[in-house]
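Asks: Please work from the sequences and hints to get the whole structure.
Protein chains: 2
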Amino acid sequence: MLKFDVEKFMQDGKATYQLRDTIEKVVNKVFEVDFENVILTGVGGTIFEMKSVKDILKKYSDIDVKLVNAAEGLIKKPKNINDKTIVVTGSKSGDTIETVNFASWCKSVGARVISFTGENDNPLANASTYTVVSDIPGMENTYLKLYLFATYLLYKVGSFPEYERFADQMYYLHDNLARWRKEYNPIAKSIADRYALVPYQMWIGSGVVWGEIELFTTCILEEMQWMKTRAVHSADFFHGPLELVDDSFPIYLVKGEDEFRELDNRVERFLKKLNLNNVVVIDTKDFILENIDEEFRYILSPIIFNNITRGRLCYQFEAITNHDLDSRRYYRQFEY
Amino acid sequence: MLKFDVEKFMQDGKATYQLRDTIEKVVNKVFEVDFENVILTGVGGTIFEMKSVKDILKKYSDIDVKLVNAAEGLIKKPKNINDKTIVVTGSKSGDTIETVNFASWCKSVGARVISFTGENDNPLANASTYTVVSDIPGMENTYLKLYLFATYLLYKVGSFPEYERFADQMYYLHDNLARWRKEYNPIAKSIADRYALVPYQMWIGSGVVWGEIELFTTCILEEMQWMKTRAVHSADFFHGPLELVDDSFPIYLVKGEDEFRELDNRVERFLKKLNLNNVVVIDTKDFILENIDEEFRYILSPIIFNNITRGRLCYQFEAITNHDLDSRRYYRQFEY
Numbered sequence: 001m002l003k004f005d006v007e008k009f010m011q012d013g014k015a016t017y018q019l020r021d022t023i024e025k026v027v028n029k030v031f032e033v034d035f036e037n038v039i040l041t042g043v044g045g046t047i048f049e050m051k052s053v054k055d056i057l058k059k060y061s062d063i064d065v066k067l068v069n070a071a072e073g074l075i076k077k078p079k080n081i082n083d084k085t086i087v088v089t090g091s092k093s094g095d096t097i098e099t100v101n102f103a104s105w106c107k108s109v110g111a112r113v114i115s116f117t118g119e120n121d122n123p124l125a126n127a128s129t130y131t132v133v134s135d136i137p138g139m140e141n142t143y144l145k146l147y148l149f150a151t152y153l154l155y156k157v158g159s160f161p162e163y164e165r166f167a168d169q170m171y172y173l174h175d176n177l178a179r180w181r182k183e184y185n186p187i188a189k190s191i192a193d194r195y196a197l198v199p200y201q202m203w204i205g206s207g208v209v210w211g212e213i214e215l216f217t218t219c220i221l222e223e224m225q226w227m228k229t230r231a232v233h234s235a236d237f238f239h240g241p242l243e244l245v246d247d248s249f250p251i252y253l254v255k256g257e258d259e260f261r262e263l264d265n266r267v268e269r270f271l272k273k274l275n276l277n278n279v280v281v282i283d284t285k286d287f288i289l290e291n292i293d294e295e296f297r298y299i300l301s302p303i304i305f306n307n308i309t310r311g312r313l314c315y316q317f318e319a320i321t322n323h324d325l326d327s328r329r330y331y332r333q334f335e336y
Numbered sequence: 001m002l003k004f005d006v007e008k009f010m011q012d013g014k015a016t017y018q019l020r021d022t023i024e025k026v027v028n029k030v031f032e033v034d035f036e037n038v039i040l041t042g043v044g045g046t047i048f049e050m051k052s053v054k055d056i057l058k059k060y061s062d063i064d065v066k067l068v069n070a071a072e073g074l075i076k077k078p079k080n081i082n083d084k085t086i087v088v089t090g091s092k093s094g095d096t097i098e099t100v101n102f103a104s105w106c107k108s109v110g111a112r113v114i115s116f117t118g119e120n121d122n123p124l125a126n127a128s129t130y131t132v133v134s135d136i137p138g139m140e141n142t143y144l145k146l147y148l149f150a151t152y153l154l155y156k157v158g159s160f161p162e163y164e165r166f167a168d169q170m171y172y173l174h175d176n177l178a179r180w181r182k183e184y185n186p187i188a189k190s191i192a193d194r195y196a197l198v199p200y201q202m203w204i205g206s207g208v209v210w211g212e213i214e215l216f217t218t219c220i221l222e223e224m225q226w227m228k229t230r231a232v233h234s235a236d237f238f239h240g241p242l243e244l245v246d247d248s249f250p251i252y253l254v255k256g257e258d259e260f261r262e263l264d265n266r267v268e269r270f271l272k273k274l275n276l277n278n279v280v281v282i283d284t285k286d287f288i289l290e291n292i293d294e295e296f297r298y299i300l301s302p303i304i305f306n307n308i309t310r311g312r313l314c315y316q317f318e319a320i321t322n323h324d325l326d327s328r329r330y331y332r333q334f335e336y
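Protein chains in written order, with the numbering used here: chain G, 1 to 336; chain Z, 1 to 336.
Don't take each hint at face value.
Since the list gives no way to pick one copy over another, a pair counts as held whenever it fits inside one copy or between any two copies.
Stated by the list, open to error - Once the Cα atoms are required to be at most 16 Å apart in a straight line, the calculated EDC-like pairs of lysine to aspartate or glutamate come out as:
hint, residue 1, residue 2
1, 77, 259
2, 59, 258
3, 156, 36
4, 79, 64
5, 182, 21
Bear in mind the hints are in silico, worked out from the structure with no lab data behind them.
Replies: So this is what it looks like as structure tokens:
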């Protein structure tokens with residue numbers, strides 16, 4: 001399958017799963033001293049990933065958790081960050097300037113900073129109180145680490161008694177991911193055949209997958225394919241974007257699995273009334289879990305969406321656009 | 001001047017200014033019983049307007065204030081809405097379904113709901129505890145009402161001692177707005193001459209004007225002109241959207257006047273390095289206040305931006321696109 005080395009993929013999955021211990025140890029360390037709130041931070045892809053972490057923490061608990069974009073946080077210096085605060089962030093390179101500087105500031109006001117980063121010794125690691133170090137590629141692995149972290153944190157506050165079972169079952173996550181990639185590959189190819197070269201596309205969705213929709217459209221389609229995209233939250237669709245809709249561009253509707261699915265359903269009903277030819281529905285429910293309990297689908301739905309888009313669709317786009325996913329013309333190419 | 005009846009505009013301004021008394025009375029009523037938090041809600045344009053209200057309340061006070069999109073709120077039923085909550089919302093027609101239903105739910109759990117709406121007797125008014133009724137058109141008037149409300153609320157909690165002076169000076173707001181419209185009209189025309197027919201445009205900004213940038217791109221350019229636009233927050237620009245940038249489409253950079261201006265400046269420095277020909281900088285600082293103190297520029301900057309875009313630029317676009325700002329093909333045209 002195009003750009004998919006299944007053996008390497010499974011090895012990376014196992015290596016990530018083995019970080020469970022490290023992650024639990026970091027969380028146990030955090031619990032040695034009381035905390036009152038959790039700040040999830042980063043920029044770009046990291047802040048989009050953290051949106052689902054926030055949703056998961058909020059769904060299962062009353063933990064006071066907020067997202068702060070590091071670029072804004074550096075300016076705002078939020079009053080609710082202090083020595084009772086846990087700050088969670090990440091940067092694989094460890095040198096994302098906004099994240100490093102904001103982490104340093106958080107630490108300087110007494111917050112404990114937990115970073116997910118690629119090395120023991122990089123600017124972000126050095127600005128942090130605790131680190132989870134791993135340079136394993138693949139966003140599915142980033143999510144697996146973050147969700148093990150989030151669910152163990154929930155377990156520790158008494159809000160996720162299912163943790164052991166959830167974490168045990170994550171051993172089987174990559175089997176599922178690899179199978180879904182195989183299943184979705186021909187669908188991804190047919191989507192790319194039809195739409196890889198269009199000048200504009202709209203992606204619509206809501207709920208816990210929304211952050212990943214923003215990530216995919218912004219950090220993958222815009223940054224890596226120079227594709228003009230418009231991500232629309234299902235709650236906003238009927239207040240502006242709907243008037244753009246016709247058959248002249250593809251409309252991707254992502255249906256999630258949480259209570260906000262009814263917002264996606266409303267968009268779907270509207271689009272059906274228009275009898276459009278270019279609507280692509282991606283429903284995370286279509287992907288069957290093996291050896292993982294159904295009740296964990298909510299937590300895993302951003303990984304499902306990521307797995308078939310970042311893991312498949314964008315490679316099929318790349319094959320047609322001939323635009324290398326790894327090339328950048330501006331990003332980190334010079335000082336700005 | 002194209003679609004600008006200055007006499008009517010000034011009359012509407014005076015009529016809105018006269019609502020000051022009503023607004024103060026509503027806030028005084030609210031203060032008869034303790035409240036612990038404020039929820040700003042609505043959908044579409046209203047939720048975008050409320051973003052600046054949130055920023056203003058947060059800048060001057062420690063009031064616990066949160067935004068909740070009414071469509072999401074109806075599903076989520078946030079736990080922090082109860083009999084200690086003030087809910088603020090608006091809908092001129094008073095029949096925006098998500099807003100009406102969410103306001104009803106908030107009231108049913110004991111919250112006091114304040115609505116800005118067009119009539120005494122419409123679904124939203126009937127679902128509210130207090131109303132500020134006025135059917136005066138013009139978003140500058142919507143903002144004036146909201147900001148008089150917000151600043152008087154701040155005054156009542158002891159966080160905005162400047163209130164009397166601010167509110168008195170709002171008597172002169174429309175003189176300034178009318179003058180700026182006149183000054184900006186030829187600039188708006190030259191922008192429209194050049195860019196009204198482009199297939200895609202990007203709008204970038206941050207801070208207290210960000211909500212109004214989202215409103216203008218979504219509810220005006222997309223909904224009323226069917227123009228494909230991408231609104232990018234300056235904090236996100238360097239993590240995806242920057243790779244799209246070249247001379248093939250216009251890039252509008254909105255520079256605000258608060259502490260986040262440095263994020264806009266960073267984007268501007270980057271764009272300058274690329275020597276692009278299609279960058280339009282809109283700086284709210286360029287508009288000089290008369291009879292209103294400089295210290296109030298922060299609060300007024302979303303109105304400044306709205307005044308020259310919704311008040312001028314979109315009419316100049318309309319004149320070239322021949323796309324009537326009032327026509328809709330889907331919105332409220334049938335059940336969905």
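Asks: Next step is simple, just say for each hint if it's right about the structure.
Replies: Here is what the structure says about each hint:
1. Taking the shortest alpha-carbon separations for residue 77 and residue 259, only the inter-copy value of 11 Å comes in at or below 16 Å, while the best intra-copy value is 34 Å.
2. Within a single copy, residue 59 and residue 258 get their C-alpha atoms as close as 10 Å, which meets the 16 Å cut-off; across copies the closest is 34 Å, which misses it.
3. In this assembly of identical chains, residue 156 and residue 36 lie within 16 Å of each other by CA distance solely inside one copy; the values are 14 Å within and 29 Å between copies.
4. Within a single copy, residue 79 and residue 64 get their C-alpha atoms as close as 14 Å, and across copies as close as 12 Å, so both meet the 16 Å cut-off.
5. Proximity of residue 182 and residue 21 under a CA criterion of 16 Å is satisfied in neither setting, with 30 Å inside one chain copy and 66 Å between copies.
The earlier numbered hint that this structure contradicts is number 5, and it is the only one.
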